[in-house]
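Listed below, chain by chain, are the residues.
Number of protein chains: 2
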Amino acid sequence: MEFKFAKRVENAALSAIRVIGEYAVGKPDFVLLSIGNPAYESFPIERIKEMNMKIFESPESCRAALQYGSTTGTDALRDHLKARLAKYKGIDFEKNDVFITSGSGPALDLMPQTFCEEEDCAFVEEFTYTGELLALSTARVKPIGIKLDSDGMNLEDLEAKIKANPKGKYLYIVPTFSNPTGITYPLEKRKAIYEICQKYDLLIYEDDPYGELRFQGKDVPCMKSFDTDGRVIYAGSFSKVMAAGLRVGFICCDKGCFGKMNYCQGNRAPATVTSQMIISNYMDTYDWEAHLDAIRAIYGKKAAFMKECIDKYVHPACTRTDPDGGMFIWVTLPEGVDGKEVFEACLKNNVGVVPSFGFAADPVNNPGRSFRLNYSAPTMEDIEKGCKRFGEVTHKFCK
Amino acid sequence: MEFKFAKRVENAALSAIRVIGEYAVGKPDFVLLSIGNPAYESFPIERIKEMNMKIFESPESCRAALQYGSTTGTDALRDHLKARLAKYKGIDFEKNDVFITSGSGPALDLMPQTFCEEEDCAFVEEFTYTGELLALSTARVKPIGIKLDSDGMNLEDLEAKIKANPKGKYLYIVPTFSNPTGITYPLEKRKAIYEICQKYDLLIYEDDPYGELRFQGKDVPCMKSFDTDGRVIYAGSFSKVMAAGLRVGFICCDKGCFGKMNYCQGNRAPATVTSQMIISNYMDTYDWEAHLDAIRAIYGKKAAFMKECIDKYVHPACTRTDPDGGMFIWVTLPEGVDGKEVFEACLKNNVGVVPSFGFAADPVNNPGRSFRLNYSAPTMEDIEKGCKRFGEVTHKFCK
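Those protein sequences? They're chains E and X, same order as listed. The first sequence: position 272 = 272 (the working numbering), numbered continuously. The second sequence: position 179 = 179 (the working numbering), numbered continuously.
Heads up, some of the hints might be wrong.
Copies of the same chain look alike in the list, so a pair counts if it fits in one copy or across any two.
[To be verified] Subject to a maximum C-alpha distance of 27 Å in a straight line, what follows is the list of computed DSS-like cross-link-like pairs (lysine-lysine):
#: 1; residue 1: Lys255; residue 2: Lys87
#: 2; residue 1: Lys89; residue 2: Lys260
#: 3; residue 1: Lys27; residue 2: Lys169
#: 4; residue 1: Lys4; residue 2: Lys255
#: 5; residue 1: Lys161; residue 2: Lys142
#: 6; residue 1: Lys4; residue 2: Lys163
#: 7; residue 1: Lys385; residue 2: Lys161
#: 8; residue 1: Lys255; residue 2: Lys307
#: 9; residue 1: Lys255; residue 2: Lys89
#: 10; residue 1: Lys199; residue 2: Lys7
#: 11; residue 1: Lys89; residue 2: Lys169
#: 12; residue 1: Lys95; residue 2: Lys255
#: 13; residue 1: Lys89; residue 2: Lys399
#: 14; residue 1: Lys163; residue 2: Lys82
#: 15; residue 1: Lys255; residue 2: Lys385
Don't read these hints as lab results, they were simulated from the structure. It should be emphasised that the depicted structure is a prediction, and the values quoted were computed from it without experimental measurement.
Generate the whole structure from the sequences, applying the supplied hints.
Right, here's the structure in full:
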């Protein structure tokens, strides 16, 4: 039969990241700087094994782990989260509550489902996380891209676009070690954005999967910490600080929208109870802050080395960000260079870097000429090899 | 702030099953015959532990288990599934393919997302699985209930409703040990339904989470086995035959819609790789058919005992189904009895049974006067106690 698909998926296509992945198949020498995976060496494998085994020590915990779980998550993990988020992030749990999701990816669907009708809009950075673009496109909510300055969204452009798009329902923002740019918003800018959203009664989805990965500079308070209205929905994840494969994330939001947001998880169960128990057992048993420090050290070392390699191999007319944490460096080519041509030349030179048009809210009119380079997943050897190959291409295209 | 919710969640309310669950809190003598959980004693705990540990034996499998996985699932589990589905269900894998989902619940969202616009319709049994109703309501797709005969949907009503609802996009059906009724459709009826769908070019979502739980009678071929057009999307789950907490389900569909359906999983990752590896390791190591036989024996014993208890305690004016497998018996009260009153009297008599209005496509105009009794989750003692209490209520309301 001829399948008639819904409009929302008619134009569904492979993302740039998957295009690179498929191109690389069967090419053993190809270097992927394109995947946003956490570093293997950051997974505490032996301890995860131990915490996993602990589940099987009592019939009660076996039963809990192997049966359907609560739609809000286990109390043990939620309690750990509330304690940490209150202590380290300054979030008020009189007004707010937390529920577990199966990673921070699936949580992205909850905003369109809870607050948007089809044809509504959401405001995003002009180059933003592909998962948010996917969540918006499957919900048929339109992304409106806001110009980026070196310290985050341009405030004038944000206010102008909000005025021009009255069907805008929320702002999606990754204010700490953003994906793809690595940018961290200073406190004043976070507050100014909050005030603009207050003025136009807009919700804010503060996505913070990388927030614990700071390896230099000083912590900046999350937007949720100064949220007096309940307009900030804060999302986090254990994928980058424990193991991505556990698929555990969480949403922290005002009690006034908690029930509806959690309802919108619907049949999508939260994370498996086993994964939740592994993490809460870990927090019971080991020093979580020391664990985070160990991961930060790994990422700091890799980021420093990638910066060195970029500065050594990439054409000096290119600029790059200097992230204080997270997983990505954003390299921008000089004006006049065609990002698509550079992207294709990179593939031919056996290196995968993700072009800005893969992250663009408006890839047709604003494709950009930047590239996201990931330093968390590759080995040190591959970081150097990949930067060298990317550098060779930039020298071909830059004058 | 005052939250403005999307229309689709404005009227979101607790399901009857959760109403019962909340009513039971703090009442230790309350008997739940309302939960659709698999039997604890059916989980092969020691072997799951062993297969889980096996993952940690090699660095390669650790890495795979703890990293993000493929959006289609692991090749090992997909290969096992293809071999089994071809051998035992007669599904053709030249035309079809299979991808993994995080349980069969989240898979329900894929039909509305892939094939429906808002305000479209889907055809369902007049009393159907609550998860499907939830998936439809969050997608704002309207359920159209088809009258049930003792062997499944009434064919005349099905054809009349299809004609009357041109925006109908698919038929949702649980033809084997249906939830909530326990009905199994005979082969001729399955074929007649397929022909009607063919005539009106309608897709069929064949949900089969209970299909492996036959404890009496003979297997009936699944609808997918005689699907020549690719119009049947077949969904299955390991929740009832391994452990619900693993959250592993799958979709088997024509290659022509495979990509779009899998795309609609979007950020919702499939099941954790760990869960997938536990199951495929199990299938590598142990005799899967013997494992299924052991579960079937447990369910057969419990079902037989519940039937005995119903026949002993429930008023003889009530009728019940005689399921050949699955988890549920459907008890229907005589005409003139008010299901809501009986439901409330049951709560007061310390027994939770789910009223038909909780499963109704149209709860206002067609609430029914039946109850779903679950025998998989409760102990034998609770089965008897619960049926006795439910029976007492029926004697109060039936003449």
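I'd like to know which numbered hints this structure contradicts. Please list them from smallest to largest.
The structure breaks hints 3, 7, 8, 13, 14, 15; every other hint is satisfied.
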